[in-house]
Amino acid sequence: MAQQIKMHLLVCGGTGCRASESDQIQASLEHELKVHGLENEAKVVTTGCFGFCEKGPIVKVIPDNTFYVQVKPGDAREIVEEHVIKGRKVERLLYTDPENKEHVADSKHMGFYRKQIRIALRNCGFIDPENVDEYLARDGYQALGKVLSEMTPEDAIKIIKDSGLRGRGGGGFPTGLKWEITRKSVAEKKYVVCNADEGDPGAFMDRSILEGDPHVVLEAMAICGFAIGADAGLIYIRAEYPLAIKRLKIAIDQARNYGLLGNDILGTGFNFDIELRYGAGAFVCGEETALIHSMEGSRGEPTFKPPFPSVEGYLGKPTNVNNVETFANIPPIINKGSEWFAAIGTARAKGTKVFALAGKINNVGLIEVPMGTTLREVIFEIGGGIKDGKKFKAVQTGGPSGGCLTEKHLDIPIEYDTLIAAGSMMGSGGMIVMDEDDCMVSVAKYYLDFTVEESCGKCSPCRIGNKRLHEILETITKGQGTMEDLSKLKNLSHVIKDTSLCGLGQTSPNPVLSTMENFWDEYISHVVDKKCTSGVCKSLMRYVIIPENCIGCMACARNCPVNCITGERKQVHFIDQDTCIKCGTCLEKCKFNAIAII
Amino acid sequence: MTKIKSLAELKLKKEELEKKLNLREKSNEPDKYIQIKVGMATSGIASGAKVVMDFLIEELNKRGIDAVVTQTGDMGYCYAEPTIEVKRPGEDPIVFGYVDLKKADEIIEKYLKNGELVEGIIPVNYESIDE
Ligand SMILES: Cc1cc2nc3c(=O)[nH]c(=O)nc-3n(C[C@H](O)[C@H](O)[C@H](O)COP(=O)(O)O)c2cc1C
Ligand code: SF4
Ligand code: SF4
Ligand code: SF4
Ligand code: FES
Numbered sequence: 000m001a002q003q004i005k006m007h008l009l010v011c012g013g014t015g016c017r018a019s020e021s022d023q024i025q026a027s028l029e030h031e032l033k034v035h036g037l038e039n040e041a042k043v044v045t046t047g048c049f050g051f052c053e054k055g056p057i058v059k060v061i062p063d064n065t066f067y068v069q070v071k072p073g074d075a076r077e078i079v080e081e082h083v084i085k086g087r088k089v090e091r092l093l094y095t096d097p098e099n100k101e102h103v104a105d106s107k108h109m110g111f112y113r114k115q116i117r118i119a120l121r122n123c124g125f126i127d128p129e130n131v132d133e134y135l136a137r138d139g140y141q142a143l144g145k146v147l148s149e150m151t152p153e154d155a156i157k158i159i160k161d162s163g164l165r166g167r168g169g170g171g172f173p174t175g176l177k178w179e180i181t182r183k184s185v186a187e188k189k190y191v192v193c194n195a196d197e198g199d200p201g202a203f204m205d206r207s208i209l210e211g212d213p214h215v216v217l218e219a220m221a222i223c224g225f226a227i228g229a230d231a232g233l234i235y236i237r238a239e240y241p242l243a244i245k246r247l248k249i250a251i252d253q254a255r256n257y258g259l260l261g262n263d264i265l266g267t268g269f270n271f272d273i274e275l276r277y278g279a280g281a282f283v284c285g286e287e288t289a290l291i292h293s294m295e296g297s298r299g300e301p302t303f304k305p306p307f308p309s310v311e312g313y314l315g316k317p318t319n320v321n322n323v324e325t326f327a328n329i330p331p332i333i334n335k336g337s338e339w340f341a342a343i344g345t346a347r348a349k350g351t352k353v354f355a356l357a358g359k360i361n362n363v364g365l366i367e368v369p370m371g372t373t374l375r376e377v378i379f380e381i382g383g384g385i386k387d388g389k390k391f392k393a394v395q396t397g398g399p400s401g402g403c404l405t406e407k408h409l410d411i412p413i414e415y416d417t418l419i420a421a422g423s424m425m426g427s428g429g430m431i432v433m434d435e436d437d438c439m440v441s442v443a444k445y446y447l448d449f450t451v452e453e454s455c456g457k458c459s460p461c462r463i464g465n466k467r468l469h470e471i472l473e474t475i476t477k478g479q480g481t482m483e484d485l486s487k488l489k490n491l492s493h494v495i496k497d498t499s500l501c502g503l504g505q506t507s508p509n510p511v512l513s514t515m516e517n518f519w520d521e522y523i524s525h526v527v528d529k530k531c532t533s534g535v536c537k538s539l540m541r542y543v544i545i546p547e548n549c550i551g552c553m554a555c556a557r558n559c560p561v562n563c564i565t566g567e568r569k570q571v572h573f574i575d576q577d578t579c580i581k582c583g584t585c586l587e588k589c590k591f592n593a594i595a596i597i
Numbered sequence: 000m001t002k003i004k005s006l007a008e009l010k011l012k013k014e015e016l017e018k019k020l021n022l023r024e025k026s027n028e029p030d031k032y033i034q035i036k037v038g039m040a041t042s043g044i045a046s047g048a049k050v051v052m053d054f055l056i057e058e059l060n061k062r063g064i065d066a067v068v069t070q071t072g073d074m075g076y077c078y079a080e081p082t083i084e085v086k087r088p089g090e091d092p093i094v095f096g097y098v099d100l101k102k103a104d105e106i107i108e109k110y111l112k113n114g115e116l117v118e119g120i121i122p123v124n125y126e127s128i129d130e
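Sequence order for the protein chains is A and B.
Here the first sequence stands for residues 0 to 597, numbered as in numbering that gives the first Met the number 0.
Here the second sequence stands for residues 0 to 130, numbered as in numbering that gives the first Met the number 0.
Because the hints were derived from the structure by calculation, they are not lab data.
Wrong hints could be hidden among the right ones.
[As the list claims (entries may be wrong)] Think about it this way: if two alpha-carbon atoms lie no more than 25 Å apart in a straight line, the pair counts; the simulated BS3-like pairs of lysine-lysine are:
id : chain 1 : residue 1 : chain 2 : residue 2
1  : A       : Lys42     : B       : Lys25
2  : B       : Lys31     : A       : Lys114
3  : B       : Lys18     : A       : Lys33
4  : B       : Lys25     : A       : Lys85
5  : A       : Lys487    : A       : Lys477
6  : A       : Lys33     : A       : Lys114
7  : A       : Lys248    : B       : Lys13
8  : A       : Lys245    : B       : Lys2
9  : B       : Lys109    : A       : Lys335
10 : A       : Lys590    : A       : Lys569
11 : A       : Lys335    : B       : Lys12
12 : B       : Lys102    : A       : Lys248
13 : B       : Lys25     : A       : Lys114
14 : A       : Lys42     : B       : Lys19
15 : A       : Lys85     : B       : Lys49
16 : B       : Lys19     : A       : Lys107
17 : A       : Lys386    : A       : Lys107
18 : B       : Lys25     : A       : Lys107
19 : B       : Lys31     : A       : Lys107
20 : A       : Lys335    : B       : Lys31
21 : B       : Lys61     : B       : Lys102
22 : A       : Lys33     : B       : Lys19
23 : B       : Lys4      : A       : Lys248
24 : B       : Lys19     : A       : Lys335
25 : A       : Lys477    : A       : Lys529
26 : B       : Lys101    : A       : Lys85
27 : B       : Lys49     : A       : Lys42
28 : A       : Lys248    : B       : Lys12
29 : B       : Lys13     : A       : Lys42
30 : B       : Lys101    : A       : Lys42
31 : A       : Lys335    : B       : Lys10
When you get a sec, could you build the whole thing from the sequences and use the hints?
Dropping the structure here:
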């Protein structure tokens, strides 16, 4: 009887898992299969990110969907000998449910995946991104074929408009409308640009799509080219994404070889080709006008809009800029129709959104959920709740432009408008969860650190204003803030928002304003009581000795690095607050619970 | 690679390629398909479970029946090896014992195609083998 492949061992080849040797796992698995003469029965496939990077490297066994986490190259033998040969799952490598501490047999039973609907990520962790044939097998380039052979550009634009798709890069502009405007701009040359700059701290949605399913972006850009009347596409990608760049290059070559990019695509006479452009990784270069200037070789600084890129963009020509995730939704919409897409999500927000879930949460990772999912579902069901059983405090969405939401917002559905109404925004998909140990003033300061660093300096409200905001926050965290500082903080924030040139400055005070709105008490306790209740602001912490408990053993004094503890043997000791550097050593050394933080 | 010159050619190409991904597609939505689990513990392998499994995969494929065939460890019915568990979409799973090639053929033809029960069913009082 002819042998046939009855098992696929999917090994994650995303950046996260590669960093912990997933390529060696793949080699070891292949080796073990060979040793046991199973090359014709089981096959090892490299895929993109499964979204579960923190527990990586991931190996998923098909057809039983067994999901192995934190696999090491040395585990390959056991996987082959136990699972492939004997059908017994390797228990110790299974994911452990954070709540009931039980092993979960397969990915279909993992809370992390159950509420997800994957459109943009549908091929990530499913196909080999370096093999165009696997993309083709999953309807790859069918949407392009359909558009080129059976539709007019106007038809294609109408489908995208009817689907209700809005930009996933942060602004949320209706995609079909943008295409239509660019189509109507008359010019002999136009451009399609894919924004793969992804500068939000901690965000990796776009990287994962590019690494896990590069062809979807190429196909969508070609569709966009046809719709707006462009024959050239450019992908602006940050140079720090080497794996994504490599896979894009491979994908472009493969698409050209099949005649899916280049001249006379699919015999329709339509020409379209794509090139890569590299960014140095400045956050502001993700802003579309700055991005275009950077591609033109000028300084990556934003300029005033209008003119919008759709009218005057790259080299002065009409240019349609869309985000990676926005593009990833295009082929499925063309294939399945606008009604299909519009039926997912809510009345006001269609489809899904990818989020990079991070912070004090059990399941850190990349997720895709339908619009309208609540923050509670994301954090407590998909995310598996707060780490170490701590108490939820806040969730930050929208990155440096967004805001912090609280307990009372947990049940609002995730939509563009509801998040804005709550004082935050959708942004590009960063979602950071905070617990009782996080100080919200420090969180605001952290985002300002980022903004001050990333401001291009072109206009003064952003350049000088954000620096001032940062200084005031610094003063408050040091315990030297006044009530007047709080009102200054608020007023200045509004000035910066109203007078900055680009989106960076216009949104940079949001983390300050939203934390002031939702955590006013914390600002007050820093300013009035000089206390940081979360114990984060070191300057506001005091290590003190509790006289009733101190037996005078001298352990603390001997270990204090700055010798600020005094006291005779068998006498109560004393900490000199002016010299104490709050290192915590004394607390650790005292065996009599005689040191407290107040 | 030869160029793909039309939408029709692209569609043919897809049909040719999608077979290779079939295994993954089906396991992505296992509940839509017939699911068969073959007991492959040591005793199972010794008693011919592997041959039965290969036979099932091959024949289901040939006879155009979409099914997800997985192997599982000891099913706890060593006396009746090889054992297989069959679950038709929306129905409760059924375990068959002493499955040789002839029995496997009968299960495909009668139970899988027409839902007709065949001999050799082991009464079960649990949901599924590994849950
Ligand atoms: C400071 C700043 C940074 C931005 N960074 C990105 C980015 O990294 N990726 C992105 O797609 N859009 C970014 N944008 C939004 C882009 O200007 C633009 O709106 C987007 O690429 C349009 O695509 P979309 O409509 O598909 O979302 C940024 C905007 C601002 C103001
Ligand atoms: S708002 Fe900030 S980042 Fe934007 S142009 Fe002005 S200085 Fe540059
Ligand atoms: S280590 Fe504790 S008990 Fe000993 S002297 Fe210091 S505070 Fe007192
Ligand atoms: S916190 Fe550090 S510096 Fe301060 S008293 Fe304790 S040991 Fe000394
Ligand atoms: S990189 Fe492997 S799961 Fe994300």
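Hint check results:
1. Proximity of Lys42/A to Lys25/B is assessed by CA-CA distance (about 16 Å); at most 25 Å being required, the pair is judged to hold.
2. Simply put, Lys31/B and Lys114/A have alpha-carbon atoms about 18 Å apart, close enough for the 25 Å limit, and the pair holds.
3. The suggested pairing of Lys18/B with Lys33/A holds, with an alpha-carbon distance near 24 Å, which does not exceed 25 Å.
4. For a cut-off of 25 Å, the pair hint linking Lys25/B to Lys85/A stands: about 22 Å separates their Cα positions.
5. As the CA atoms of Lys487/A and Lys477/A are separated by approximately 17 Å, the hinted pair is consistent with the 25 Å bound.
6. Restraint check for Lys33/A and Lys114/A: the C-alpha separation of about 38 Å exceeds 25 Å, so the hint is violated.
7. For the hint pairing Lys248/A with Lys13/B, the CA-to-CA distance comes to about 23 Å; that is within 25 Å, so the pair holds.
8. With a CA separation close to 23 Å, the supplied pair Lys245/A and Lys2/B stays within the 25 Å bound.
9. Between Lys109/B and Lys335/A, the direct Cα distance comes to roughly 36 Å. Violation of the 25 Å bound is thereby established for this hinted pair.
10. Taking the CA atoms of Lys590/A and Lys569/A, the gap is near 14 Å; set against the 25 Å cutoff, the hint holds.
11. With a C-alpha separation of about 20 Å, the suggested pair Lys335/A and Lys12/B falls inside the 25 Å cut-off, and the hint holds.
12. Distance check on the hinted pair: Lys102/B and Lys248/A sit about 52 Å apart at the alpha-carbon level, beyond 25 Å; violated.
13. At roughly 19 Å between alpha-carbon atoms, Lys25/B and Lys114/A fall within 25 Å of each other, so this suggested pair holds.
14. Between the alpha carbons of Lys42/A and Lys19/B the distance comes to roughly 11 Å, so the proposed pair stays at or under 25 Å and holds.
15. Using a Cα cut-off of 25 Å, the hinted pair Lys85/A and Lys49/B holds, with the two alpha carbons roughly 9 Å apart.
16. Proposed proximity of Lys19/B and Lys107/A is supported: the alpha carbons are some 22 Å apart, at most 25 Å.
17. Distance check on the hinted pair: Lys386/A and Lys107/A sit about 23 Å apart at the alpha-carbon level, within 25 Å; holds.
18. Between Lys25/B and Lys107/A, the direct Cα distance comes to roughly 13 Å. Compliance with the 25 Å bound is thereby established for this hinted pair.
19. For the suggested pair Lys31/B and Lys107/A, the alpha carbons sit about 13 Å apart, so the restraint of at most 25 Å is met.
20. A C-alpha spacing of about 20 Å is found between Lys335/A and Lys31/B, which places the hinted pair at or below 25 Å, so the restraint holds.
21. Proposed proximity of Lys61/B and Lys102/B is supported: the alpha carbons are some 17 Å apart, at most 25 Å.
22. Of the pairs offered as hints, the one joining Lys33/A and Lys19/B holds, with about 20 Å between alpha carbons and a cut-off of 25 Å not exceeded.
23. Distance restraint check for Lys4/B and Lys248/A: the Cα-Cα separation of roughly 22 Å lies within the 25 Å cut-off, and the hinted pair is therefore satisfied.
24. For a cut-off of 25 Å, the pair hint linking Lys19/B to Lys335/A stands: about 23 Å separates their Cα positions.
25. Between the alpha carbons of Lys477/A and Lys529/A the distance comes to roughly 9 Å, so the proposed pair stays at or under 25 Å and holds.
26. Straight-line distance between C-alpha atoms of Lys101/B and Lys85/A comes to about 23 Å, which keeps the hinted pair within the 25 Å bound.
27. The hinted pair formed by Lys49/B and Lys42/A meets the criterion: a straight-line CA distance of about 17 Å does not exceed 25 Å.
28. Restraint check for Lys248/A and Lys12/B: satisfied, since their Cα atoms lie roughly 23 Å apart, inside the 25 Å limit.
29. The straight-line distance between the Cα atoms of Lys13/B and Lys42/A is roughly 21 Å, inside the 25 Å bound, and the hint therefore holds.
30. For a cut-off of 25 Å, the pair hint linking Lys101/B to Lys42/A is broken: about 29 Å separates their Cα positions.
31. With a CA separation close to 16 Å, the supplied pair Lys335/A and Lys10/B stays within the 25 Å bound.
Violated hints, listed in ascending order, are 6, 9, 12, 30; each of the other numbered hints is respected by the structure.
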